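Those sequence lines, one after another, are chains L and V.
All residue numbers for the first sequence refer to my numbering, where the first residue is 1 and numbers rise by one.
All residue numbers for the second sequence refer to my numbering, where the first residue is 1001 and numbers rise by one.
Keep in mind the hints are simulated off the structure, nothing from the lab.
The model shown is predicted, which means the values in this text are computed figures rather than measured ones.
Cβ atoms here follow ideal geometry from the backbone N, Cα and C, with glycine treated the same way.
Mixed in with the good hints, there may be bad ones.
Now the stretches of chain V that chain L is said to cover, found in silico as 3 or more residues with beta-carbon under 8 Å [as the list claims (entries may be wrong)]:
1. 1013-1020
2. 1155-1168
Simulated restraints, written as ranges between beta carbons of each label pair [what the hints assert, rightly or not]:
3. L:E97 <-> V:D1421: 56 to 62 Å
4. L:S274 <-> V:D1045: 53 to 59 Å
5. L:A218 <-> V:Q1033: 28 to 34 Å
6. V:V1389 <-> L:V1: 30 to 36 Å
7. L:S274 <-> V:R1377: 22 to 28 Å
8. V:P1156 <-> L:K180: 41 to 47 Å
9. V:G1179 <-> L:E279: 56 to 62 Å
10. L:A218 <-> V:P1156: 27 to 33 Å
Sample of chain V residues with no beta-carbon within 12 Å of chain L, all distances over it, derived [stated by the list, open to error]:
11. T1041
12. R1072
13. G1176
14. R1188
15. L1220
16. S1234
17. G1248
18. P1322
19. D1352
20. V1375
21. R1377
22. F1385
23. A1409
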Amino acid sequence: VAELTYRDAVARGIAQEMRRDDSVVLIGEDVAGAGGVFKTTVGLLEEFGPRRVIDTPIAEQAILGACMGAAMTGLRPVAEIMFSDFFAVCWDIVVNEIAKTRYMTNGQVTLPLVIKTGNGGGLRFGAQHSQSIENWAMAVPGLKVVTPSTPEDVVGLMAASIRSDDPVLFFEHKGLYATKGEVPDGDILDSLGTARVRRAGTDATILSLGMMVPRALAAAEQLAAQGISAEVIDVRSLVPLDTTTILGSLAKTGRLFTVEENPRLLGWGAEIASIAVEECFWDLDGPIQRITTPHIPLPSADSLEDLVMPSADSIASTVEKALQS
Amino acid sequence: VNVDVTMPQLGETVAEGTVTRWLKKVGDDVADQEPLLEISTDKVDTEVPSPAAGTLLEILVEEDATVAVGARLAVLVTSGDTSASPPTSGGSRVVQEESVAPGAIAASAATGSTSVEPSPTRPPTAASTSAAPVSAQAAVVAPRPAAGGPRHRHTPRVRRAAADAGVDLARVTGTGPGGRVTVDDVQRAATSTPIPLEGLPSQVAGERGLSRGTTTQGSLVTTVVEVDLTAVTSLVARSGSDVAGRLGTRLTTTAFVARAVVEALKAHPRLNSAIDPDGAVLARSRQDLLVTVTTGAAPVVHRLDDAGDLNLLGLARRLGAPAATSPGPASATPSSSGVDAGAFSLTDTGADGALWTTPLPVTGGVAALSAGAVVDRPVVLTRAFDEKVIAIRAMCHIALTYDVGVVDAGDATSFLRSVKDRLEAGQFDTELT
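Build the full structure now, drawing on both the sequences and the hints.
Put into structure tokens, the structure is as follows:
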């Protein structure tokens, strides 16, 4: 067992798979010589050399085009889009090519690739470098969508993503890069499409993702002091979605809350709320409530950014008020 | 007033930062929010704005030094201050009374202490309404009016619990927030409150009212199953004398059937309900049994209060005690109070040799069960790999009569299945020691 930062766990997960499988390569802006602008790929160039760890110009379309071509011809590439916001400049190749190739070739061509990216706000990076865009990705059939919240999950889910025969968008939360956690020794392989119960409870189910997981846990701690037992689930994977764990918890508690960093409209929680109402209507003991950022571009002013993003306090007070009304 | 400049929390998890460059010297004037220094954290390099307008009084952390988030970096004296004079301030200063709100300092130091008071129906959108063009968003998240009045404010979970327990929510007093009915309220009501039965055809109820004390045959149905009592009879043979020796009680198959019935009643509370003289169906919290045993000449009636609290030996002992009432048929009009007002009736006619007898619910009762003679009979059994064999088994017919106005056929079948499975499994060892 070693204590590792979330950022170091990214490099460890990639290195684990690169050692295991020669077809795994890494490509992106500053991923080689600089070890990544967020230092998530430190040491990979040194260990695996410039043929497998490749720096590119600032051209997201070229990165993903190369990545897709490499996957078509037998490699298992990991590409980095530095900030997830930049998916907007290469969305055509993701949506119209990468997501659809398996289907449009009748399964003759699959794309075993991972696109890793720094996602999320809270770092005063402003509206164009702070977005949580899992929603965009999960709206496109053919893409898997993964967001780990702990260093151990980063390693295991990165390994599972690289071993997936279909494209995975791997969202690293920039606000979690410096967090530390214990990571078991040896190779770790997690499974996509599984959620984790981070804290068990009986009165309310709180779904969270990425940096909202520690905030939901802090909120649950506050709620416990009020006599409210909240169950906190780390969703981890939006596509595929672990409805067994989520709906099982809802059936137990009767109350469902989602904590989403993304803007409110069409957030992932809306989809889960819809599933919950269809599948578990008679288990509901009150309205489902979503705790989100409002439907605005994220402000860069520190005070405003703190104000609009869900916080432990706002989560706890929303849950408490909902359970008392 | 002196104001501290502290290392800001840049991002949720950054623990420390390095001062890379001071943009002001001690003695320099700074405006509110004017960049004061540059810092570097794990990955973010940024400027730290001055938390207030004033003069830089003291620099506490030199360039290239790394300190924890929240550590003091410098001290300002605010420009409205009259008591402290900055050391290098030259000339006369226009002194203006200008108080700096602590909240403003906290916010600009980015310590995350800004308090947000979100409304319950609109999570943290409130702040945005004044800060951004949000008309579309406001329309989307506008709180909806509550559907219907209080009468309709039962949650789906509560409605299901009420349906399962046969509870009419209109008669339940809510103890939840705002008088809302909770699942606990429903469960309490299910064990204590008289409730009119939802779905009970009024003509059935009326007929019941008219026919009280006479016959209710029009609304009664009897179902019979064959039960393999081999396991039970061998337990009686094996443990009977031991139980008699220890407790002075005779172990009979009736006790086993009573035990199985009590357990099934707990799982199927509908069969344990009763109908009051007004035709309302009462959910009973206790499992009371009226047991009639035909032994030779006259039937003996045992009234077992709270039979649900008794284990097998407890039931056997009560059945072995002298009958609490004078003998009479199970359908005889019972006393108005006590156990037999609508109690579940169990009749054992085995001693007569009758294979089965139609059991009749007592007045106010909705179901009754009878067990017939236990007879050794050749039976086809299916063993592993679909192998079929003929064996000699101790077989018994068990009949259930129920009021179709209260108990539906599925519930009755499920109840009978519970009794049959429990007896055939014969797992009573722990209750015999």
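Structure-based check of each hint:
1. For the region 1013-1020 of chain V, the stated coverage by chain L is satisfied: 3 residues place a CB nearer than 8 Å to a CB of that chain, which reaches the threshold of 3.
2. Requiring three or more residues with a Cβ within less than 8 Å of a Cβ of chain L, the coverage given for the region 1155-1168 of chain V holds, as 6 such residues are present.
3. Between E97 (chain L) and D1421 (chain V) the C-beta distance comes to about 59 Å, which sits within the given range of 56 to 62 Å.
4. For S274 (chain L) paired with D1045 (chain V), a C-beta distance near 42 Å fails the hint of 53 to 59 Å.
5. A hinted range of 28 to 34 Å holds for the C-beta pair A218 (chain L) and Q1033 (chain V), which are about 29 Å apart.
6. For the pair V1389 (chain V) and V1 (chain L), the beta carbons lie near 58 Å from each other, so the given range of 30 to 36 Å is not met.
7. A C-beta distance of roughly 57 Å is found between S274 (chain L) and R1377 (chain V), which places it outside the suggested range of 22 to 28 Å.
8. Evaluation of the 41 to 47 Å hint for P1156 (chain V) and K180 (chain L) yields a pass: the beta carbon distance comes to about 43 Å.
9. In this structure the hint that G1179 (chain V) and E279 (chain L) lie 56 to 62 Å apart at CB is violated, the actual value being about 30 Å.
10. Distance hint check: the CB atoms of A218 (chain L) and P1156 (chain V) are about 30 Å apart, consistent with the given range 27 to 33 Å.
11. Residue-level check failed: T1041 (chain V) sits 8 Å from the nearest beta carbon of chain L, not beyond 12 Å.
12. Distance check for R1072 (chain V) against chain L: the nearest CB is about 18 Å away, which clears 12 Å, and the non-interface claim stands.
13. The Cβ of G1176 (chain V) does not lie farther than 12 Å from every Cβ of chain L; its closest approach is about 9 Å, which violates its non-interface assignment.
14. At roughly 16 Å, the least C-beta separation between R1188 (chain V) and chain L is larger than 12 Å, which holds for a residue marked as non-interface.
15. Non-interface status of L1220 (chain V) relative to chain L is upheld: no Cβ of that chain comes within 12 Å, the nearest being about 32 Å off.
16. Residue-level check passed: S1234 (chain V) sits 42 Å from the nearest beta carbon of chain L, beyond 12 Å.
17. Non-interface status of G1248 (chain V) relative to chain L is upheld: no Cβ of that chain comes within 12 Å, the nearest being about 47 Å off.
18. Annotated as non-interface, P1322 (chain V) keeps its C-beta farther than 12 Å from every C-beta of chain L; the closest such distance is 49 Å.
19. Under the 12 Å C-beta cut-off, the non-interface status given to D1352 (chain V) relative to chain L holds; the minimum distance is some 48 Å.
20. At roughly 46 Å, the least C-beta separation between V1375 (chain V) and chain L is larger than 12 Å, which holds for a residue marked as non-interface.
21. For R1377 (chain V), the non-interface assignment is confirmed: its Cβ lies about 45 Å from the closest Cβ of chain L, beyond the 12 Å cut-off.
22. Once the 12 Å rule is applied to beta carbons, F1385 (chain V) is consistent with being away from chain L; the minimum gap is 34 Å.
23. Listed as a non-interface residue, A1409 (chain V) keeps its Cβ farther than 12 Å from every Cβ of chain L; the least gap is roughly 23 Å.
Hint check: violations occur at hints 4, 6, 7, 9, 11, 13; the rest are consistent with the structure.
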